[in-house]
Amino acid sequence: MDFDDLLAAQRGVVSRAQALAAGFTVDRIKWLVRSLRWQQVHAHTFATFTGSVPYEAQVWAAILRAGPGAVASHRTAAHLDGLCDDPGPVIHVTIPADRYVGGKIDGVRVHYAHRLPRTRHPAATPPRTRVDETVLDLVDVATHPRDAETWVTAACQRRLTTPERLADALGRRKKIRWRPMIEAMLADVADGAQSPLELRHLRRVERAHGLPTGRRQRRSAGHRVIWIDVDYPEHHLRVELDGRVGHAGEGRFRDHHRDNHATVDGHATLRYGHADIFGNPCTVAAEHARVLRTRGWTGRPRSCGPSCPVPMIIKETGRQDAMPLS
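Going by UniProt numbering, the first residue of the sequence shown is number 1, and it counts up by one from there.
Any given hint might turn out to be false.
[Said to hold, decoys possible] The following label-pair restraints were derived from C-beta to C-beta distances: (1) PRO117 / GLY210: 46 to 52 angstroms; (2) GLY273 / SER303: 23 to 29 angstroms; (3) VAL33 / ARG173: 39 to 45 angstroms; (4) GLY273 / ARG34: 56 to 62 angstroms; (5) ARG34 / MET181: 52 to 58 angstroms.
No lab work stands behind these hints: they were computed from the structure.
C-beta atoms are modelled at their ideal positions from N, C-alpha and C, and glycine is treated no differently.
Please construct the entire structure, taking both the sequences and the accompanying hints into account.
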């Protein structure tokens, strides 16, 4: 590869070793920097242009500074692959565990991995870890289980990977944080739960209270295709779980049209947000149970714990329904 092709591939960034191999001398490189034709990004790493350094060029500079075998990883790789919209303030690179990067690299965090030859993407540029491995790297450094859930569900929701592929990658790791939770979650994601909100509804509302299992992310075709978050088709009940994205402005009007259309077709719609599902799952379960029972469900909800009010709420509701009208 000639020097111009190398620069094009690396977004205009080059290491001193690459420049020397292309025929530049040390004095020539110093003059280019002093004359502001090139700019030094890190030690022995240069942008061969003036002005601001674009993000991908910054990533290339971090990789070249970290040395042979280095790849973008963690949140940096996630951003490059479209897994997250915000790359964060630090560029993450991973290098083989048998190497060591001396000195601090400003704005760069260096990770070390024994399995890097197997987790590196074979063709992506800038070099980075495979998507499945990126997700699991982020899970491994997550400090809260909800953060780990978010990475897994986002990767599947954005169709960057599948629960099956993540499970395969997880099986090849000897050590990883949150393993039992991730193994259980992948099964739930495979059943249609596409966000931490939907996982919470499945586990803390439905399962914890013995409610029927809804069909998740069901495609309903009519005049226009709609997706139903949770559907109980036998009881003509739909549940919509509203995150902050897609449910403001035009999204809110689409929700109203969808709810109205469902009502016309004889379906009831219950709608909840994060505060409901994470803050009051028992109250949500009680509302589900009330509506389901009026629509033919013959089961009875159960308590999820000593302080759960669901059985008492349902019992009191039954008494009120049985009271004669005066």
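Worksheet item: Hint numbers the structure violates, sorted upward?
Response: No numbers; nothing is violated.
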